[in-house]
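Protein chains: 2
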Amino acid sequence: MSGILEDFIEQLTILPGIGKKSASRIAFFILKLPKAKVEEFANSIITAKLNLKPCARCGNLTEGETCHICNDTRRDNSVVCVVEEPSDVIVVESTSEFKGVYHVIGGALSPLDGVGPDDINIASLEKRVADDGIKEIILATNPNTEGEATAAYLINLLKSYKVKITRIARGIPVGGFLEYADKTTLSKALENRTEIK
Amino acid sequence: MSGILEDFIEQLTILPGIGKKSASRIAFFILKLPKAKVEEFANSIITAKLNLKPCARCGNLTEGETCHICNDTRRDNSVVCVVEEPSDVIVVESTSEFKGVYHVIGGALSPLDGVGPDDINIASLEKRVADDGIKEIILATNPNTEGEATAAYLINLLKSYKVKITRIARGIPVGGFLEYADKTTLSKALENRTEIK
Chain S
3 MSGILEDFIE QLTILPGIGK KSASRIAFFI LKLPKAKVEE FANSIITAKL
53 NLKPCARCGN LTEGETCHIC NDTRRDNSVV CVVEEPSDVI VVESTSEFKG
103 VYHVIGGALS PLDGVGPDDI NIASLEKRVA DDGIKEIILA TNPNTEGEAT
153 AAYLINLLKS YKVKITRIAR GIPVGGFLEY ADKTTLSKAL ENRTEIK
Chain X
3 MSGILEDFIE QLTILPGIGK KSASRIAFFI LKLPKAKVEE FANSIITAKL
53 NLKPCARCGN LTEGETCHIC NDTRRDNSVV CVVEEPSDVI VVESTSEFKG
103 VYHVIGGALS PLDGVGPDDI NIASLEKRVA DDGIKEIILA TNPNTEGEAT
153 AAYLINLLKS YKVKITRIAR GIPVGGFLEY ADKTTLSKAL ENRTEIK
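Sequence order for the protein chains is S and X. 3 is the number of the first residue of the first sequence in the working numbering; add one for each residue after it. 3 is the number of the first residue of the second sequence in the working numbering; add one for each residue after it.
It should be emphasised that the hints constitute simulated quantities derived from the structure, not laboratory data. A portion of the hints provided could be inaccurate.
Any copy will do: because identical chains look the same in the list, a pair fits if it lies in one copy or spans two.
Said to hold, decoys possible - Computed cross-link-like contacts, DSS-like style, restricted to lysine-lysine with a CA-CA straight-line distance of at most 30 Å:
hint	residue 1	residue 2
1	Lys23	Lys185
2	Lys129	Lys39
3	Lys37	Lys164
4	Lys34	Lys101
5	Lys39	Lys55
6	Lys37	Lys23
Isolated chain S, as found in the complex (with noise of 0.2 Å):
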């Protein structure tokens, strides 16, 4: 194979959920592109990269010096969402449902891997519940063990401060099915339990 076309596909097995097989098929794709649309979209990468920053307030992706929904005067500030990823804001976003802020810590506590407190935007959360007159914060970090662990990690730090602390539900997937539920996730729906009647 050419040198640079065995490179351009080893290039493009770096990015996740691509082996082998479908680089080799995105790269003859991109090669058979006009060279203005294969320039503009190897420019979309250099422009993301190079423009987007952390958001100053909450740590979202950003353009600018704060993000969109920081900006956003109809947003309400009070109640922040914390989550581990600035993808995970998209996804709540997707819901339409959450109307407050979010808080984005970058990551999550993982001590085998060496991912400490300091590692993460956690500082910038506490100074956020201190001085910004927060009344609600919903924890939305994933419901793995780095997760729950940087989940009990913020209740310990933010018990001492008057806001009231939620942790999104952990239950059955809407259109799942018990049988292949696992035993910790079958347990905490049933904690969790909602009243009906």
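Could you slot chain X onto chain S? The hints should help.
Showing chain X alone in chain S's frame:
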């Protein structure tokens, strides 16, 4: 969502096999890479597009005038495997079985899509057959409607030349099940059965 981020994710969805969710996952993955790595990645796309062009002889992608297969003096120039795309060359090469050379026609005949004989590299194949002392042409176009139509067209075009013409076998894939084979494939597998004893 930030406009730049939205554009970036949108650009990624043009890739084959990449939907909205994968695009978003890839976008955030790229944004987490170091700046130098992102530039290297984007540059590899531009470099590949600017430097790879069809081999003057066989149509395979190459960064030189002729491709590394055409340049390889150990290859048998009298046997030519005709494939639709440069990606098919990689697939055939991966078997390490074929010691001849290739001719990449760059597509397949498809009247519905307006692809006629003049739109693919057929004239150059005929010229090679006429001038280069080729003994066998292996038709390895895809075994679908367009690929079969292209093979039929080539057989008709080349029949007056003193050259052996063969077609890759169609049959049950190795590791496959008769139960899952379609009727046409099974018919071909029976028709092209090989003698054991």
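- Item | Contradicted hints - numbers only | Going through the list in order, the structure violates hints 2 and 3 and respects the others.
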